[in-house]
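Engineer: What follows is each chain in one-letter form.
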Amino acid sequence: MPRRQQTGPRVMAQVAMVMNLDKCIGCHTCSVTCKQTWTNRSGTEYVWFNNVETRPGQGYPRGYEDQDKWQGGWRLKGGRLVPRAGGRARRLARLFANPELPSLDDYYQPWTYDYDNLTTAPLGEDLPTAPPRSLIDGRPTAITWGPNWDDDLGGGPEHLAGDPVLAKMTEKVRLEYEQAYLFYLPRICEHCLNPSCVAVCPSGALYKRVEDGIVLVDQDRCRGWRMCVSGCPYKKVYFNHRSGKAEKCTFCYPRIEAGEPTVCSETCVGRLRYLGVLLYDPDKVGEAAAVPDEKDLYEAQLRCFLDPHDPDVARAAEASGIPHDWIEAARRSPVHALISRYKVALPLHPEYRTMPMVWYIPPLSPVVDALTTTGHDGEDPANLFGAIDALRIPVSYLAELFTAGDPEPVEAALCRLAAMRSHMRRINLGEERDPAIAHAVDMDQDTIESMYRLLALAKYEERYVIPTGYAAGAGHEGMNDGCSLDGDGLPGMMPGALPDTDAFHAPPVPTPAGTGSGAGTGLAGRFNLLNWNGRGRPSGLFPQRGEATE
Amino acid sequence: MNHLNIALWGVLPYLVLALFTAGTAWRYHYDRFGFTTRSSQLHESRLLSIGGPLFHFGLLFVAAGHVVGLVVPESLTERLHVTEGLYHANALLVGGTAGLATAAGLALLLYRRLKVPAVRAATSRSDRAVYPVLAAVLLAGLTATGASAHAYDYRQGVSVWFRSLFALDPDVPAMAHAPLVYRLHALLGMALFALWPFSRLVHAFTAPLGYLARPYVVYRSRTPARPYRHPALTGPDDADAPLRKRRRAHR
Numbered sequence: 001m002p003r004r005q006q007t008g009p010r011v012m013a014q015v016a017m018v019m020n021l022d023k024c025i026g027c028h029t030c031s032v033t034c035k036q037t038w039t040n041r042s043g044t045e046y047v048w049f050n051n052v053e054t055r056p057g058q059g060y061p062r063g064y065e066d067q068d069k070w071q072g073g074w075r076l077k078g079g080r081l082v083p084r085a086g087g088r089a090r091r092l093a094r095l096f097a098n099p100e101l102p103s104l105d106d107y108y109q110p111w112t113y114d115y116d117n118l119t120t121a122p123l124g125e126d127l128p129t130a131p132p133r134s135l136i137d138g139r140p141t142a143i144t145w146g147p148n149w150d151d152d153l154g155g156g157p158e159h160l161a162g163d164p165v166l167a168k169m170t171e172k173v174r175l176e177y178e179q180a181y182l183f184y185l186p187r188i189c190e191h192c193l194n195p196s197c198v199a200v201c202p203s204g205a206l207y208k209r210v211e212d213g214i215v216l217v218d219q220d221r222c223r224g225w226r227m228c229v230s231g232c233p234y235k236k237v238y239f240n241h242r243s244g245k246a247e248k249c250t251f252c253y254p255r256i257e258a259g260e261p262t263v264c265s266e267t268c269v270g271r272l273r274y275l276g277v278l279l280y281d282p283d284k285v286g287e288a289a290a291v292p293d294e295k296d297l298y299e300a301q302l303r304c305f306l307d308p309h310d311p312d313v314a315r316a317a318e319a320s321g322i323p324h325d326w327i328e329a330a331r332r333s334p335v336h337a338l339i340s341r342y343k344v345a346l347p348l349h350p351e352y353r354t355m356p357m358v359w360y361i362p363p364l365s366p367v368v369d370a371l372t373t374t375g376h377d378g379e380d381p382a383n384l385f386g387a388i389d390a391l392r393i394p395v396s397y398l399a400e401l402f403t404a405g406d407p408e409p410v411e412a413a414l415c416r417l418a419a420m421r422s423h424m425r426r427i428n429l430g431e432e433r434d435p436a437i438a439h440a441v442d443m444d445q446d447t448i449e450s451m452y453r454l455l456a457l458a459k460y461e462e463r464y465v466i467p468t469g470y471a472a473g474a475g476h477e478g479m480n481d482g483c484s485l486d487g488d489g490l491p492g493m494m495p496g497a498l499p500d501t502d503a504f505h506a507p508p509v510p511t512p513a514g515t516g517s518g519a520g521t522g523l524a525g526r527f528n529l530l531n532w533n534g535r536g537r538p539s540g541l542f543p544q545r546g547e548a549t550e
Numbered sequence: 001m002n003h004l005n006i007a008l009w010g011v012l013p014y015l016v017l018a019l020f021t022a023g024t025a026w027r028y029h030y031d032r033f034g035f036t037t038r039s040s041q042l043h044e045s046r047l048l049s050i051g052g053p054l055f056h057f058g059l060l061f062v063a064a065g066h067v068v069g070l071v072v073p074e075s076l077t078e079r080l081h082v083t084e085g086l087y088h089a090n091a092l093l094v095g096g097t098a099g100l101a102t103a104a105g106l107a108l109l110l111y112r113r114l115k116v117p118a119v120r121a122a123t124s125r126s127d128r129a130v131y132p133v134l135a136a137v138l139l140a141g142l143t144a145t146g147a148s149a150h151a152y153d154y155r156q157g158v159s160v161w162f163r164s165l166f167a168l169d170p171d172v173p174a175m176a177h178a179p180l181v182y183r184l185h186a187l188l189g190m191a192l193f194a195l196w197p198f199s200r201l202v203h204a205f206t207a208p209l210g211y212l213a214r215p216y217v218v219y220r221s222r223t224p225a226r227p228y229r230h231p232a233l234t235g236p237d238d239a240d241a242p243l244r245k246r247r248r249a250h251r
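Read top to bottom, the protein sequences are chains A and B.
In terms of full-length UniProt numbering, the first sequence has 172 at position 172, counting the first letter as 1, and numbering is strictly consecutive.
In terms of full-length UniProt numbering, the second sequence has 35 at position 35, counting the first letter as 1, and numbering is strictly consecutive.
Hint data in this document are derived by calculation from the structure and do not stem from the laboratory.
Be careful, since some hints might not be right.
[To be verified] Quick partial rundown of chain B residues pointing at chain A, CB under 10 Å, derived from the structure:
{"hint": "1", "residue": "H56"}
{"hint": "2", "residue": "L70"}
{"hint": "3", "residue": "E74"}
{"hint": "4", "residue": "A118"}
{"hint": "5", "residue": "S124"}
{"hint": "6", "residue": "G210"}
[Unchecked claim] No farther apart than 25 Å at their CA atoms in a straight line, the calculated lysine to any residue pairs in the SDA-like style are these:
{"hint": "7", "chain 1": "A", "residue 1": "K69", "chain 2": "A", "residue 2": "S42"}
{"hint": "8", "chain 1": "A", "residue 1": "K23", "chain 2": "B", "residue 2": "L47"}
{"hint": "9", "chain 1": "A", "residue 1": "K69", "chain 2": "B", "residue 2": "L47"}
{"hint": "10", "chain 1": "A", "residue 1": "K69", "chain 2": "B", "residue 2": "R220"}
{"hint": "11", "chain 1": "B", "residue 1": "K115", "chain 2": "A", "residue 2": "R133"}
{"hint": "12", "chain 1": "B", "residue 1": "K115", "chain 2": "A", "residue 2": "W145"}
{"hint": "13", "chain 1": "B", "residue 1": "K115", "chain 2": "A", "residue 2": "L95"}
{"hint": "14", "chain 1": "B", "residue 1": "K115", "chain 2": "A", "residue 2": "T112"}
{"hint": "15", "chain 1": "B", "residue 1": "K115", "chain 2": "A", "residue 2": "P311"}
{"hint": "16", "chain 1": "A", "residue 1": "K295", "chain 2": "A", "residue 2": "P311"}
{"hint": "17", "chain 1": "A", "residue 1": "K284", "chain 2": "B", "residue 2": "R220"}
{"hint": "18", "chain 1": "B", "residue 1": "K115", "chain 2": "A", "residue 2": "A142"}
{"hint": "19", "chain 1": "B", "residue 1": "K115", "chain 2": "A", "residue 2": "K284"}
{"hint": "20", "chain 1": "B", "residue 1": "K115", "chain 2": "A", "residue 2": "G536"}
{"hint": "21", "chain 1": "B", "residue 1": "K115", "chain 2": "A", "residue 2": "S103"}
{"hint": "22", "chain 1": "B", "residue 1": "K115", "chain 2": "A", "residue 2": "D406"}
{"hint": "23", "chain 1": "B", "residue 1": "K115", "chain 2": "A", "residue 2": "K69"}
{"hint": "24", "chain 1": "A", "residue 1": "K77", "chain 2": "B", "residue 2": "V218"}
{"hint": "25", "chain 1": "B", "residue 1": "K115", "chain 2": "A", "residue 2": "R90"}
{"hint": "26", "chain 1": "B", "residue 1": "K115", "chain 2": "A", "residue 2": "E294"}
{"hint": "27", "chain 1": "B", "residue 1": "K115", "chain 2": "A", "residue 2": "S42"}
No experiment lies behind these values; they were computed from the predicted model shown.
Note that CB positions come from ideal geometry on N, CA and C, so glycine has one too.
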C-alpha cells in the first residue's frame, strides 16, 4: 500500500447523547424500559443500566460520586494519567479481592414478594400478606433501600447528608439548598472518550468501538475480575453475580447500528434525550484529559470535538475511513449543536478525567420557579439574568456536577436558556423582538430560534440523527440485515434467532452469499447465553453432535 | 499389588493428563463464556478480602515450590552447593508457611461459603465437588511437608517418578515406595487435575499477565473476531487500514 498523506487531524466518530434536564419529570420510564430490555434476568436483578436520581441525593449506588472512597476514574500522577485506584501492577496485586468493589448493600438487596402466600395461607383472623423475599438467597428480608429510595428528596435531610456533591459545599449553602429545589438526573453509561473501566480491565474484555465509540464488554473475554466495576467513577459497570461477568449499558448498539435511538431515548416521555454523531480528534484526548486544572477539563474536551462543517475536517474524516453519511449526520447532529454551537450542554463530572460523552443541559426551571414564588416575573430577562447570578446555591451545586465547580459555564448555559425563554415569550405575546436579549448571551436571533426549535419543539427526527452502522460490509449493503446480536458466535437476543428483525426495525434482508451462516441459521436451536441463569444445562447450550463449528 | 501400582503410577497420570488437556481445550472451544472466576465478592467482601488473597497468594508460592521440588533434580542443587539440610529447612519454612497460609485462606473461604446465605446459594455443583478435593489435597500436602523434616527424601522418590512420567518411562517403584501420605497427596492431586477443566478452576488459565504490557484503553472494530487498530491509534502510515479492512470483509 502506498503511503497516503493525512490531510488534516485524524478523526474518529462517536454517537453521543445529550439530556435536557429541564424536561425530566422523574417518571423512570427510561429506567423501566431499559431494564425490561437488558437486565430483567437472574443475576442482574439489582442492575439498572439507566437510572434516574433525584439531586440533591445519594444516587445509585449510594454515594458513588465520593471518589475518595471508590477510587474511580483517573488521576494525574506527575503529569501522567493513571487510574485512580492504581496502575497495572497494583491492579494485579488486588486481583483476588478488589478493595474498592461496592457491595450489594451499596446498590440495594433486590427483593420480590411471596405472592403465593396470598392464596395458600391457612384461614385465620388476619388477611394474608405477601411478605418480601430476597432475590439473592430466597430468604425473608427487610426492605431497607432501593434503587431510588431517596426519590423526590424522600427521607429528607438524613439521606441528603449522604450526597457527596452536597458535602463539598459549605454548611450554610447545604441548609439553604435543601429548601431551594430538586431536579432529576437520568444516568446511563457515559461511553467516555478516555474510559477508565476499559483501562483497569486486566483481561482486555472491555473495549471502545472504533466506529461509534460505544464501550462494550466482550462476554467471552471477561473473566470476572471486577476491576471495571470499581474503575468506573459513575459506577455504570455491573457484575452479574450469576454468570460471573461484567455487564454495562450497551447504548442499545443493535438499535444504534440500525439507525434507531436507544430504548431509553425512544421511550422518554419528556422527549429530553438527543442522539447524534460527534467527530473528534483522538490525538487530543489524552492531552485534554491530563490538563492540570480540573476546571479546564470542560473546555479541553470541547476542543477535542471537530466542526463537521469545516471542509478540512470532512476531508480528514473521509481519509480516516468515516463514511460520507456519517459526516452528513455529524453536520445535522443535535448533540453537536447543543454541545459546541449553542454551548448549553455540559459533561457530567469532568473532574473524573474520563471525557464522558453523555452531556446534560442544566435545569433552568428551578430558577424560574424560585423567582416566581418571590413574586417576580420569572421570565423577564432582566430578572432571570439577575437571578441566575444571585441564586448562587443552585449554580454552585450544578457546577459541582457539570464543570468541576467552575460556575461560569453553568451560568452561561443557564443565561442562554433564559434568553431563549424571554425571546420566545415576546414572540408568543406578539411583542416586538428584542435583539438585545440574544446579544446579551452572545447569540443572534436566528440561533436562538433554532435552539428553541431543537429544545422546545424537539421533533423526533431532529432529536435523533443516527446514521446506520458501517464496518461489517463495504458501504451500507448488507448492513441492515438484522440485529447485530445475531450471527455466528454472538448471542442472539432470541433463542434460535427468529427472523423477527422487526424488533429492531431493520428490514429482513437475506444474508449475502459467501458470508457463511449469517443471521439466523448459525444459531438455530442454540441456547442464548444471555438468558442463562447459570444453573443446569438447558438444551442447545452445546452444539448438536456433528454440527459444523467453524 | 504390583498391577495396582502400575495402574496408579504408570497409567493413571497419563489418563489424567489427557483428560486435563482435552477437557480444557473442549471447554475453551465450546464454553469460553464459562471461563470466569464467578466471584461472590458482591455478596460478601469482608471475609473474602482476607481469605481470597491469603489462599491465592499462598497457592502461587505452593505451586512454585512444587516446581522446584519436582522438576529440579538433587544433583543440580548439590552442584550449586546447597546442602541437604539447607534445602529442606528452606522447603519446610517457605513451603510450610505458604501451605499454612493457603490452608488458612481456604478454611476462611469455606466457612464463608457455608455460613453466608447468599454465597451458599451461589455455590454450584462443580464447586461442591472441587472444595473437598482441594481441601484434602492441601491437608495431605501439608502433612507430607511437615513429615519431610525427619525421614523420607521425596527428591529421591516422588520427584524421580514425576520426572520419569515426562520421559514416558514411568518409574513406578519410585512412587510405590513413597510413604502413604505422599501417595495420597499425588492421587488427590490427580483427582483435582481431572476435575479442573469442568469446574471454575479454569479461571487459573486466564491469569491476566498480558495486562502488564497492554495500552490502557482498548479499541476494537465492530467486525467480530478481527482485532483491528484504528489508524488514529497506529500512526499515519496505516491510514488505509480501515478501507483495506472493509474491502477484505466484503469479500
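Engineer: Now look at each hint and say whether the structure bears it out.
Structural biologist: Hints versus structure:
no., hint, in the structure
1, H56, "4 Å, holds"
2, L70, "25 Å, violated"
3, E74, "34 Å, violated"
4, A118, "5 Å, holds"
5, S124, "7 Å, holds"
6, G210, "7 Å, holds"
7, K69(A) <-> S42(A), "29 Å, violated"
8, K23(A) <-> L47(B), "46 Å, violated"
9, K69(A) <-> L47(B), "19 Å, holds"
10, K69(A) <-> R220(B), "31 Å, violated"
11, K115(B) <-> R133(A), "19 Å, holds"
12, K115(B) <-> W145(A), "24 Å, holds"
13, K115(B) <-> L95(A), "24 Å, holds"
14, K115(B) <-> T112(A), "23 Å, holds"
15, K115(B) <-> P311(A), "66 Å, violated"
16, K295(A) <-> P311(A), "31 Å, violated"
17, K284(A) <-> R220(B), "19 Å, holds"
18, K115(B) <-> A142(A), "19 Å, holds"
19, K115(B) <-> K284(A), "52 Å, violated"
20, K115(B) <-> G536(A), "24 Å, holds"
21, K115(B) <-> S103(A), "17 Å, holds"
22, K115(B) <-> D406(A), "50 Å, violated"
23, K115(B) <-> K69(A), "28 Å, violated"
24, K77(A) <-> V218(B), "21 Å, holds"
25, K115(B) <-> R90(A), "31 Å, violated"
26, K115(B) <-> E294(A), "46 Å, violated"
27, K115(B) <-> S42(A), "22 Å, holds"
In summary, the structure is inconsistent with hints 2, 3, 7, 8, 10, 15, 16, 19, 22, 23, 25 and 26 from the numbered list given earlier, while agreeing with the others.
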